[in-house]
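Colleague: Here is how the chains run, residue by residue.
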Amino acid sequence: EAGVAQSPRYKIIEKRQSVAFWCNPISGHATLYWYQQILGQGPKLLIQFQNNGVVDDSQLPKDRFSAERLKGVDSTLKIQPAKLEDSAVYLCASSLEPPPSLSYEQYFGPGTRLTVT
Amino acid sequence: RKEVEQDPGPFNVPEGATVAFNCTYSNSASQSFFWYRQDCRKEPKLLMSVYSSGNEDGRFTAQLNRASQYISLLIRDSKLSDSATYLCVVNLDRGSTLGRLYFGRGTQLTVWP
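Residue numbers (this note's numbering), protein chains in the order written: chain L, 1 to 117; chain W, 1 to 113.
The following block holds chain L by itself, in its conformation from the complex:
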C-alpha cells in the first residue's frame, strides 16, 4: 500500500517569499492533517480536513498560511509571505477515521523541510 506522498522534500526560500507544499494521502483516507514540526519539538497541528471540509484550523496563522483540499483528496499548504520562524518540517498525515475512533491511526508523509533565510 502506498504511503502518504509529499513534495517537495526540501525547500529554501528567502523571507517574504511564497511557498507551497503538496500532499497526497493514502487512498481512501478521509481525514488529512498538516503539522508543523520545529526542531526539537513535537508536531503541532495546523489544520485538519474531513473530506474536503475544514474541521479544525484554530492553530493556523491565517494571515500568512492557507490550505485547501479540493475534491477531498490532495491538499496544498501555502505560506505567503514567509518569515524566518516558519523554518520547520511540514508534515502531512492521513487517517482512515478521525479520532477518537478506537481503530484510529495517523500515517505521516516524509515531510517537507523548509528553510527561510
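Simulated from the structure, these hints should not be mistaken for lab results. Backbone N, C-alpha and C fix where the C-beta goes; we use that ideal spot for every residue, glycine too. Treat the hints loosely; a few may be bogus.
[Unchecked claim] Here's a subset of chain L near chain W, in silico, CB distances under 8 Å, partners left out:
id	residue
1	Gly-40
2	Leu-45
3	Asp-86
4	Ala-88
5	Leu-91
6	Glu-105
7	Pro-110
[To be verified] Simulated pairs of lysine-lysine, DSSO-like, Cα-Cα distance not exceeding 30 Å:
id	chain 1	residue 1	chain 2	residue 2
8	W	Lys-2	L	Lys-83
9	W	Lys-79	L	Lys-83
10	L	Lys-44	W	Lys-45
11	L	Lys-78	W	Lys-79
Fit chain W to the supplied structure of chain L, relying on the hints for placement.
Modeller: Same frame as chain L, now just chain W:
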C-alpha cells in the same frame, strides 16, 4: 501549561538495558493515548496505543494512570535499533467536534553497543 509534557532526555543506555519514559498530560478530558516513534530526520510512526489496563507488545510496555494523568513507556532488553525519539501523544475529545492529537516534544533515546 503545555497539554503534553515529556522529559526530552537524552537517554543514553547500553544494549540490553531497561529504560522507561514518562509523560504527563494536562487535560483530564483526554480520551486516547499513544506512543509514536520518530527516527532522525524521518516522519513519526505509531509505536503503540495505550489502553487503560496497560498493554504490552514484545519488549514494549505502556501504562496509563488516569488519576495522575500520567503515561509511561517501558522498553526492555534495549536494541541498537531502538535509538529514536519517542513521542507521547494524547487525543483530546472536544465534544461534538473531532478530536485533536497533541504531541509531546519527544524523548530522545540512544542505545550504545
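Colleague: Could you run down the list of hints and mark each one as holding or not?
Modeller: Checked hints:
1. Gly-40: holds (7 Å)
2. Leu-45: Since the shortest Cβ distance to chain W is 6 Å, the answer is holds.
3. Asp-86: violated (19 Å)
4. Ala-88: violated (13 Å)
5. Leu-91: holds (6 Å)
6. Glu-105: holds (5 Å)
7. Pro-110: holds (6 Å)
8. W:Lys-2 with L:Lys-83: holds (24 Å)
9. W:Lys-79 with L:Lys-83: Between Lys-79 of chain W and Lys-83 of chain L the Cα gap is close to 41 Å, so the pair fails against 30 Å, i.e. violated.
10. L:Lys-44 with W:Lys-45: Between Lys-44 of chain L and Lys-45 of chain W the Cα gap is close to 15 Å, so the pair holds against 30 Å.
11. L:Lys-78 with W:Lys-79: violated (40 Å)
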